[in-house]
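Sequences listed follow chains A and B, in order.
Heads up: the first sequence begins at 1 in the UniProt record's numbering, then just goes up one per residue.
Heads up: the second sequence begins at 1 in the UniProt record's numbering, then just goes up one per residue.
Some clues are possibly wrong.
Each computed DSS-like pair below joins lysine-lysine, with the alpha-carbon atoms no more than 30 Å apart [as the list claims (entries may be wrong)]:
id, chain 1, residue 1, chain 2, residue 2
1, A, Lys314, A, Lys252
2, A, Lys314, B, Lys248
3, B, Lys248, A, Lys252
4, A, Lys252, A, Lys322
Quick list of the computed label-pair ranges, beta carbon to beta carbon [as the list claims (entries may be wrong)]:
id, chain 1, residue 1, chain 2, residue 2, range
5, B, Ala243, A, Asp235, 44 to 50 Å
6, B, Arg176, A, Asp235, 52 to 58 Å
7, A, Glu203, B, Leu208, 47 to 53 Å
8, B, His235, A, Leu280, 49 to 55 Å
9, B, Arg138, A, Pro257, 15 to 21 Å
10, A, Arg254, B, Arg223, 44 to 50 Å
11, B, Arg223, A, Val59, 55 to 61 Å
12, A, Ala131, B, Lys248, 32 to 38 Å
13, B, Pro238, A, Ala193, 15 to 21 Å
Derived from the structure by calculation, the hints contain no laboratory data.
Note that the structure is a prediction, hence the values are computed from the model and not measured.
Think of the CB as a built atom: it goes at the ideal place given N, C-alpha and C, for glycine as much as any other residue.
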Amino acid sequence: MSEAWLLVLLTLDATVRVAAPLILASMAGLFSERSGVIDIGLEGKMLAGAFAAAATAAVTGSAWVGLLVAVLVSCCLALLHGLACITYRGNQVVSGVAINVMVAGLTVVLGIAWFDQGGQTPALAHGARFAPIELPFAEALRGVPVIGDLYYELLSGHNILVYTALAAVPAAWWVVFRTRFGLRLRAVGETPAAVDTAGISVEWLRYRAVLVTGALCGVAGAYLSTAQSAGFVRDMTAGKGYIALAALIFGKWRPVPAFLACVLFGFLDAAATRLQGVELPGIGQAPVALIQALPYALTVILLAGFIGKAIAPKAIGVPYVKER
Amino acid sequence: MSRELPRWIDVGLIPAVNILLAFLVAGAVVLVAGENPLDALSVLVTGAFGYDEAIGYTLYYATNLVFTGLAVAVAFHAGLFNIGGEGQAYIGGLGVGLVALGLDAWLPGWALIPVAIAAAGLSGAAWAFLPGWLQAHRGSHVVITTIMFNFLASALMVHLMVNVLIQPGQMSPESREFEPTVWLPFVHEMLGAVGIPVARSPLNLSILWAALACVFVWLLIYRTRWGYAIRTVGHNEPAAVYAGIDPKRVVVVTMCISGALAGFVGINEILGVHHRLLLNFTAGYGFTGIAVALMGRAHPVGIVLASLLFGALYQGGTELDFEFDNITRDMVVVIQGLVILFSGALAYMLNPLALRLWRRMRREDAA
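Just chain A, with the same shape it has in the complex (with noise of 0.2 Å):
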């Protein structure tokens, strides 16, 4: 194998998993603002299942528990800005900025309540998390050239997370568009007086949204600390809910738009990472920070209009007002 293509490898590697939350939070994400309720909150909830994830998996030894447990917090943080915003039709930004406040705070509270290390939780053992899956045959297909060496390097030694990652988004599509709830999700979130018309319950339809939501957010988290990382440490969520929902806009709120987004800004992020330090001709120093940015950027950018249009749900951040 060349150096040159076992970086390429390397790199397209690191793009899969920084990718993976990144997906798992943007799927989250789509279901709650294709429903009509804006989530600012990804983030918090993403944190929150890391930290619960991490302190479960930490005390009882099992990661799966961690995952349950991860999913049943963001779940609980995904019913207060349903509260918030459906029922009492309270400013979804508000509530969703609250969320993360809150969670930033509360997580290292917590922790150094309970494991007494500065906001940590402690390092998890073997067991405890989610191990690399070797997938059949990747060590017999290893010699063969460039599919060998993609499949082996690239899609196989990842841990399940990571393939519920890219499974959840063939689900979301098929969710979204090609089921009943599916249907009046996207009713919901465009012309909410129709669905009520139809003798649908706008406010239970976006309860089970925002339900979704806080799931796959929890996956999200859980991924952080207890698959990728051994452990879970103040704000290491580190804007990737933010990030999530650039890559939903980016993606102009469709699923596989929005994993493509995915994986471009996990792929920027992977570059940038590898870029460290290193010398670029004609440039000098690669300007990491400046890539990093470049998500960011984009996403002005395509809402700005100069890259398509984004258009969001029609009635997106409006709570529903039944006539009486």
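Position chain B relative to chain A; hints supplied.
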């Protein structure tokens, strides 16, 4: 629905109960963390007001929060949600720093400080202009673009500090120190000079600028044509159009004013305290500004009170680190989130209940 409620319940009692709820839940968190909430409260209060130095720190934190709180509030009045205070404050500080680094050898303090204030305002406004313009002319949601601009500001600062502005021969990404002639005087120095001894603290002259900003915002919003236009656009955009107001212009100008106010954090932090450019000096003030504006109901008087409360929490919070094993200043972040939740997102939660109780009370009076 709530128009039936008397004013004292609507703007007095319900917000007060909401804040009380936020603090009750915070107390429950302290309890879960294994400490006594009342002890924590008393440490917070003594930490914030118990001695001279503490009061100085509390006022210094409050200065920043007045700026970011006003920034969020001005945008609120036009129906805009500016989450970008953090980035605008960051870039405002960059403006201050560049002016000071470039001119401190040439200009004396009395000449440079006004230039630096203008630079803070202009750079903050510039960072808010684009999201405002995109909202007005391209329909891009200002919430999303300001979030993106926060990250862009942060990346820009990291790039500049690490690669361009760093003092040569130094590891940490900080610029050289400004000439002491252009530092904003500390309050303890000024009062000390006229014979009033005050404990050392980072409190500096920018608190006066914050007070002026409050008066300016009050005049602007409630006493000028512009303020009227801003509030009209915020309440009812079609009505504003009928009244001959151009909502697009109002949106852009309001965002610029909002950004300028946030940018003034740079005066306090860079010219007042650190005297050099460095990373992360905004320390979340932009986000706390959201809590301050919500709690202060977007009115300058309310914002001053809320800033003092959060300033006290910031300062008292540092004391928590020393006094308790199980809770730290991060508790203040939790309180902040709870305040945003209860006085922002769940602000109307109690209205139906209050209305029922009020009706019952009046019926009993009549009977």
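A quick look at each hint next to the structure:
1. Restraint check for A/Lys314 and A/Lys252: the C-alpha separation of about 13 Å stays at or below 30 Å, so the hint holds.
2. A hinted pair counts as satisfied when its Cα atoms are at most 30 Å apart, and A/Lys314 with B/Lys248 qualifies at roughly 21 Å.
3. Of the supplied pair hints, the one linking B/Lys248 and A/Lys252 holds, its CA atoms being roughly 25 Å apart against a limit of 30 Å.
4. Between A/Lys252 and A/Lys322, the direct Cα distance comes to roughly 28 Å. Compliance with the 30 Å bound is thereby established for this hinted pair.
5. Between B/Ala243 and A/Asp235 the Cβ separation comes to about 46 Å, which falls inside the hinted range of 44 to 50 Å.
6. Between B/Arg176 and A/Asp235 the Cβ separation comes to about 30 Å, which falls outside the hinted range of 52 to 58 Å.
7. Taking 47 to 53 Å as the suggested C-beta distance range, the pair A/Glu203 and B/Leu208 conforms, at roughly 50 Å.
8. Between B/His235 and A/Leu280 the beta carbons are some 53 Å apart, a value that agrees with the proposed interval 49 to 55 Å.
9. With their beta carbons about 20 Å apart, B/Arg138 and A/Pro257 fall inside the hinted range of 15 to 21 Å.
10. Checked against the hint of 44 to 50 Å, the C-beta distance between A/Arg254 and B/Arg223 comes to roughly 48 Å, which is consistent with it.
11. Checked against the given bound of 55 to 61 Å, the beta carbons of B/Arg223 and A/Val59, roughly 59 Å apart, stay inside it.
12. Remark: the range hint 32 to 38 Å for A/Ala131 to B/Lys248 is contradicted by a beta-carbon distance near 56 Å.
13. Taken as a hint, the range 15 to 21 Å holds for the pair B/Pro238 and A/Ala193, whose Cβ atoms sit roughly 20 Å apart.
Checked against the numbered hints above, the structure violates hints 6, 12; every other hint is satisfied.
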